[in-house]
Every structure is written in structure tokens, then in C-alpha cells.
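Engineer: The chain contents come next:
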Amino acid sequence: MLTISRELVDKIVAHARADHPDEACGVVAGPAGSDRPERFVPMENAERSPTFYRFDSMEQFRVWREMDDLDEVPVVIYHSHTATEAYPSRTDISYASEPDAHYVLVSTASEEETPFRSYRIVDGVVTEEEVKIVESYG
Amino acid sequence: MAIEVRIPTILRSYTDGAKAVNAKGSTLEELIGDLESRHPGLKDRLMDDSGLRRFVNVYLNDEDVRFLGGLGTPVADGDTVTVLPAVAGGAR
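These protein sequence lines are chains A and B, in that order.
For reference, each letter of the first sequence is one residue, going 1 to 138 in full-length UniProt numbering.
For reference, each letter of the second sequence is one residue, going 1 to 92 in full-length UniProt numbering.
Because the hints were derived from the structure by calculation, they are not lab data.
These numbers come from a predicted model, not from an experiment.
Check each hint, because a few of them may be wrong.
Okay, the calculated beta carbon distance ranges per label pair [stated by the list, open to error]: (1) A/69 to B/77: 22 to 30 angstroms; (2) A/91 to B/19: 26 to 34 angstroms; (3) A/94 to B/19: 22 to 30 angstroms; (4) B/20 to A/49: 29 to 37 angstroms; (5) B/30 to A/10: 43 to 51 angstroms.
For glycine and all other residues, C-beta sits at the position ideal for the given N, C-alpha and C.
All chains should be modelled from the sequences, with the hints used to inform the complete structure.
Structural biologist: Structure (C-alpha cells):
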């Protein structure tokens with residue numbers, strides 16, 4: 001299960017809406033071992049594409065080093081699908097490389113609603129998980 | 001002195017869980033060959049027949065080796081090489 005604050009959900013959705021029709025992507029960092037997403041880090045989609053995303057390699061390097069320095073991990077890795085449902089594609093599965101992360105997908109295909117779903121992707125196997133949205137982590 | 005190679009979580013099964021290992025070589029390609037001799041299987045995760053795998057990022061100190069000399073990039077004692085799987089995907 002992914003437990004995430006409403007504020008972070010709103011930020012992810014706003015990023016996805018702002019970059020539509022291109023895919024938006026980013027991470028939410030949190031303390032190592034906590035499984036608690038805390039620090040919102042929107043990333044540039046180096047591909048600037050409606051059907052593909054890739055973190056810019058130098059930006060990723062800086063962000064990953066910063067997390068290392070702060071003893072954080074990428075608790076959530078998110079991206080948007082802009083014309084299809086919020087479910088991992090074969091591409092998503094083949095490139096998934098953080099077995100401990102919650103892979104969040106949002107879909108901006110509809111203007112009325114923005115589905116927000118979370119998955120584990122380990123060794124090519126996708127498992128959807130419950131998303132619990134909380135006002136704060138108390 | 002040696003060259004420190006920082007290993008991402010997903011590849012630590014090849015390094016007995018170690019976050020960083022030491023290796024030697026005068027170019028990145030030699031370094032990867034040296035890594036392979038001690039951590040068999042790692043090379044195949046970093047390279048394919050055409051060179052560095054497209055969705056693996058390798059950095060020498062603070063630079064992506066794609067902007068340096070790729071596999072021919074010179075490396076020296078005291079350098080740090082960082083491996084990060086690219087974060088990528090999409091609906092396509």
C-alpha cells in the first residue's frame with residue numbers, strides 16, 4: 001500500500017496537467033527505510049513526448065546524489081499517460097529499475113478526472129496496490 | 001588507490017549487496033572488464049554488442065560518459081564512476 005499526503009497527490013496531478021499532452025515525470029523522496037514520500041521533485045522529461053518519458057541524465061544524477069546525501073530514497077516514481085489509462089505499459093515494465101519504489105501513474109486522458117494509481121514493478125511483474133491518501137502523516 | 005564504482009540497488013545482487021566496489025583500468029571499458037572478473041554478470045547489464053546499454057547511465061565523477069568518450073573515456077585512480085539505471089517508460 002502507498003500512503004501519501006493529499007498535498008503531494010495534488011502536486012503530482014498539477015504537474016501532469018501542466019505538461020499535458022506531453023508525459024510528466026518525477027519522484028517523491030523520503031527517508032530511507034520509512035516508505036514515506038515527503039519531498040516532491042518534479043523532473044524534466046528529456047524526451048518531451050506524449051508517449052515516452054526519460055529523466056534527463058544529468059538532472060537524475062544531481063537528484064540521486066542529493067537523495068544519497070540526505071539519506072533519502074525515491075519512495076515514489078511518478079509519470080503520466082496522456083491518452084491511455086493509468087496502468088504500466090510494456091515499456092514502463094521493461095525499464096522499471098527501482099524495485100523498492102512505488103510506481104505512480106496518473107492519466108490525463110480525460111479532462112474531468114485524473115486517475116491516480118500505484119504499482120510495484122519487480123522483475124517484470126506488476127502488482128497494483130492500494131493508495132491511501134491522508135491529510136498528514138501525523 | 002583505485003576507482004570507486006557506485007552500484008545501484010538493482011545491480012547489487014552482483015556485488016553481494018555492496019553499494020560501491022573498487023575496480024581498475026585505464027578506460028571505462030577496461031574498468032568494466034575488471035568489474036566483470038570479480039562480479040560476473042555485471043558487464044552484460046552495462047553493455048550490449050553495440051556498447052553501453054541505452055538505458056543505463058554511467059557517470060565519471062560529475063559527467064555522463066556519453067558526453068565524454070563513452071567506453072573509451074580515460075579513468076584514473078581516485079575517480080568515481082556511478083551507474084544509474086535510466087528512469088524511463090511511457091505509453092508507447
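Engineer: Note whether the CB distance of residue 94 of chain A and residue 19 of chain B lies within 22 to 30 angstroms or breaks it.
Structural biologist: With a Cβ separation near 25 angstroms, residue 94 of chain A and residue 19 of chain B satisfy 22 to 30 angstroms, so the hint holds.
Engineer: Does the Cβ-Cβ separation between residue 30 of chain B and residue 10 of chain A fall within 43 to 51 angstroms?
Structural biologist: Taking Cβ atoms as reference, residue 30 of chain B and residue 10 of chain A lie about 49 angstroms apart, which means the hint holds.
Engineer: Honestly, do residue 20 of chain B and residue 49 of chain A meet the 29 to 37 angstroms range at C-beta?
Structural biologist: With Cβ atoms ~34 angstroms apart, the hint holds.
Engineer: Just tell me: holds or violated, for the beta carbon distance of residue 69 of chain A and residue 77 of chain B against 22 to 30 angstroms?
Structural biologist: Taking Cβ atoms as reference, residue 69 of chain A and residue 77 of chain B lie about 24 angstroms apart, which means the hint holds.
Engineer: 26 to 34 angstroms was suggested as the range; check whether the CB atoms of residue 91 of chain A and residue 19 of chain B agree with it.
Structural biologist: holds (28 angstroms)
Violated hints for the displayed structure: none, as all numbered hints are satisfied.
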